[in-house]
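Participant: Fit chain A to the given chain D structure using the hints.
Respectively, the protein sequence lines represent chains D and A. With my numbering, letter number 53 in the first sequence gets 53, and the count goes up by one each step, no holes. With my numbering, letter number 113 in the second sequence gets 113, and the count goes up by one each step, no holes.
Be aware that a few hints might be false.
The following label-pair restraints were derived from C-beta to C-beta distances [unchecked claim]:
no., chain 1, residue 1, chain 2, residue 2, range
1, D, M251, A, V79, 14 to 24 Å
2, A, E65, D, P248, 29 to 39 Å
3, A, T83, D, P41, 44 to 54 Å
4, D, S44, A, E65, 50 to 60 Å
5, D, P25, A, R21, 35 to 45 Å
6, A, R21, D, M251, 45 to 55 Å
If you want the footprint, here are the derived chain D segments under chain A, 3+ residues with CB under 8 Å [stated by the list, open to error]:
no., region
7, 65-79
8, 233-241
9, 248-254
No wet-lab data here; the hints were simulated from the structure. Quantities reported herein were computed from a predicted structural model and do not represent experimental measurements. Note that beta-carbon positions come from the ideal geometry of N, C-alpha and C, so glycine has one too.
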Amino acid sequence: MTNPQTKVQDRVQVKKEVRKIKNLPTVPGIVAKISRMVENPETSAAEVGRLISQDQVLSAKVLRMANSAFFGMSRKISSISQALVILGFEVVKGLVLTSSVFDMIQKSMAGLWEHSIGCAAASGAVATLLGREDAEEILVAGLLHDLGKVVLALNLPEEMRLIVEKVASGHILFYEAENQLLDFDHSELGQWLAEHWNLPESLAEPMRLHHRPEKAVLKPECTAIVHIADIIIRAKGFGNGGDMLVPPISMAAWEMLGLKKTDFLPILEILEPKLSNLVDITSIN
Amino acid sequence: MRRIPIDKAVPGQILAEKLTRHDGVLLAGQGSEITEGLLRMLSRMNIDTVVIEEEESRTAEQVMEDFRDFVSQLEARFVRVTTSPVLMALKKTMLFMAQKERDLTLALIDKPNSSTEASERPPADEPLGSA
Numbered sequence: 001m002t003n004p005q006t007k008v009q010d011r012v013q014v015k016k017e018v019r020k021i022k023n024l025p026t027v028p029g030i031v032a033k034i035s036r037m038v039e040n041p042e043t044s045a046a047e048v049g050r051l052i053s054q055d056q057v058l059s060a061k062v063l064r065m066a067n068s069a070f071f072g073m074s075r076k077i078s079s080i081s082q083a084l085v086i087l088g089f090e091v092v093k094g095l096v097l098t099s100s101v102f103d104m105i106q107k108s109m110a111g112l113w114e115h116s117i118g119c120a121a122a123s124g125a126v127a128t129l130l131g132r133e134d135a136e137e138i139l140v141a142g143l144l145h146d147l148g149k150v151v152l153a154l155n156l157p158e159e160m161r162l163i164v165e166k167v168a169s170g171h172i173l174f175y176e177a178e179n180q181l182l183d184f185d186h187s188e189l190g191q192w193l194a195e196h197w198n199l200p201e202s203l204a205e206p207m208r209l210h211h212r213p214e215k216a217v218l219k220p221e222c223t224a225i226v227h228i229a230d231i232i233i234r235a236k237g238f239g240n241g242g243d244m245l246v247p248p249i250s251m252a253a254w255e256m257l258g259l260k261k262t263d264f265l266p267i268l269e270i271l272e273p274k275l276s277n278l279v280d281i282t283s284i285n
Numbered sequence: 001m002r003r004i005p006i007d008k009a010v011p012g013q014i015l016a017e018k019l020t021r022h023d024g025v026l027l028a029g030q031g032s033e034i035t036e037g038l039l040r041m042l043s044r045m046n047i048d049t050v051v052i053e054e055e056e057s058r059t060a061e062q063v064m065e066d067f068r069d070f071v072s073q074l075e076a077r078f079v080r081v082t083t084s085p086v087l088m089a090l091k092k093t094m095l096f097m098a099q100k101e102r103d104l105t106l107a108l109i110d111k112p113n114s115s116t117e118a119s120e121r122p123p124a125d126e127p128l129g130s131a
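Bound conformation, chain A alone:
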């Protein structure tokens, strides 16, 4: 997700977070689509940013590449951690979360209407545990 100024928002984008008025009243729920009417309402209320879902423009191969980068950076940061079970658990948890996110992203790319590259999806690594 990404926070963008209201003048960059366009109808059709999906809200990644619920939108509330400054006093807490709900204006639009998480996952709802931005409409022209909503944009007009927001500018009247002086709400200047919205959080939208990132459009997935990466290919499955790029997603896997990003994941491999993440793993090698994680390994580098944990290079001195060899014996602490607690720190090993932290690393394992971070890896698990990244795998989950990768698989969710790949599943989105696999959707037939969003991409023709479904067949290019490489096999996923063995997951560490169930979600």
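Extracted from the complex, chain D is given alone in its bound form:
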């Protein structure tokens, strides 16, 4: 529904402003280096571990997440190379990426970091219930699904202000307000960023399609799980993804995963203790 109150000049101006996003944030140097290293089949976990370990602040953040309630490890992961062996390259790369953009996420929108880790925990809970072996990778996809909002907040602050105003004015979802004012939303910005940063499809597709998971072709299940997780964490009211509403569900995604209504109880029971234990990474600085 379009709001007749929307000033035409605002819309015109906003569309003009979009061209301002010429420069996307640069991919964190360390993530680019890891990607190059991993492309080489000769690279060992120890070598990648050494590279990450050179940055002590970063390694501390990564280890803190690796040892958090997210993964529920019974043994403490005490080194990056151990994390690489136990969690795998892709997951550690995701955690390095998350740690590198942590400040950006925190600065962009109040509550977005909490929404992100909440969605990650919920993605992990759904993946666990479904018995997915790649639960950790799906969790990282949940962690980064809203990076497009970071691009929006940092590059188009004035447009961001208009969107926030629009959301505050009524029962409207953040992405609906984005589409009304900008003709695109954070999922497209996320796609743009994912291409620019050369992120794997397991991260890129959920970033692009978490509101339209039925369109996913490369990682349909991962995308569908992040879609459901986003709904669950909004229903819980944990963090703030821009609006405080439960968005529509894609029944195609729900049915593809083979979930039943009775699955919500075990999912929430897995999720609940994780959320109360995530406080120690709500500020990993």
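Facilitator: Then chain A, alone, in the frame of chain D:
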């Protein structure tokens, strides 16, 4: 439950989660009481936090008030959900879990040794289903 730094832990508090050494060896089970000996052992092992049971300091009336707040916030978040049976089921499940937690909390307050306000407990709402 609440995670607290080890220097804030005092003997008598109840562990809400089992405590394990960094290599996974069990040190104290969930529900066990923190003792001075345990605290000394933990500081030797560089374990810096423990998860304890939250002491219930709310009155029955406050618990009911918190529950009513929870329900109105839940309603607000689901305001656009009117037709989807799946999303309605999610809401119902969340309400059921909150009711269960509320009733458990009220039962704790009702214990004669922990409170004299047992008679103030208001009647519980109709539960959605059995536990």
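Participant: Given that the region 233-241 of chain D was listed as covered by chain A, double-check it with a C-beta distance under 8 Å for 3 or more residues.
Facilitator: holds (count 4)
Participant: Okay, T83/A versus P41/D on CB: inside 44 to 54 Å?
Facilitator: 52 Å, holds
Participant: Range hint 45 to 55 Å: satisfied by the CB atoms of R21/A and M251/D?
Facilitator: With a Cβ separation near 47 Å, R21/A and M251/D satisfy 45 to 55 Å, so the hint holds.
Participant: Please check whether M251/D and V79/A have a Cβ separation lying inside 14 to 24 Å.
Facilitator: This hint holds: roughly 20 Å between Cβ atoms.
Participant: Would you say the C-beta atoms of P25/D and R21/A sit inside 35 to 45 Å of each other?
Facilitator: 41 Å, holds
Participant: For the region 65-79 of chain D, does the count of residues with a C-beta closer than 8 Å to a C-beta of chain A reach 3?
Facilitator: Held - the region 65-79 of chain D has 4 residues with a Cβ nearer than 8 Å to chain A, which meets the minimum of three.
Participant: Given as covered by chain A, does the region 248-254 of chain D meet the bar of three residues or more with CB within less than 8 Å?
Facilitator: Result for this restraint: holds, n = 4.
Participant: Verify the CB-CB distance for E65/A and P248/D against the hinted window 29 to 39 Å.
Facilitator: 32 Å, holds
Participant: Just to be sure I understand the hint, the distance between the Cβ atoms of S44/D and E65/A should be within 50 to 60 Å; is that true here?
Facilitator: Holds, at about 58 Å.
Checked against the numbered hints given earlier, this structure breaks none of them.
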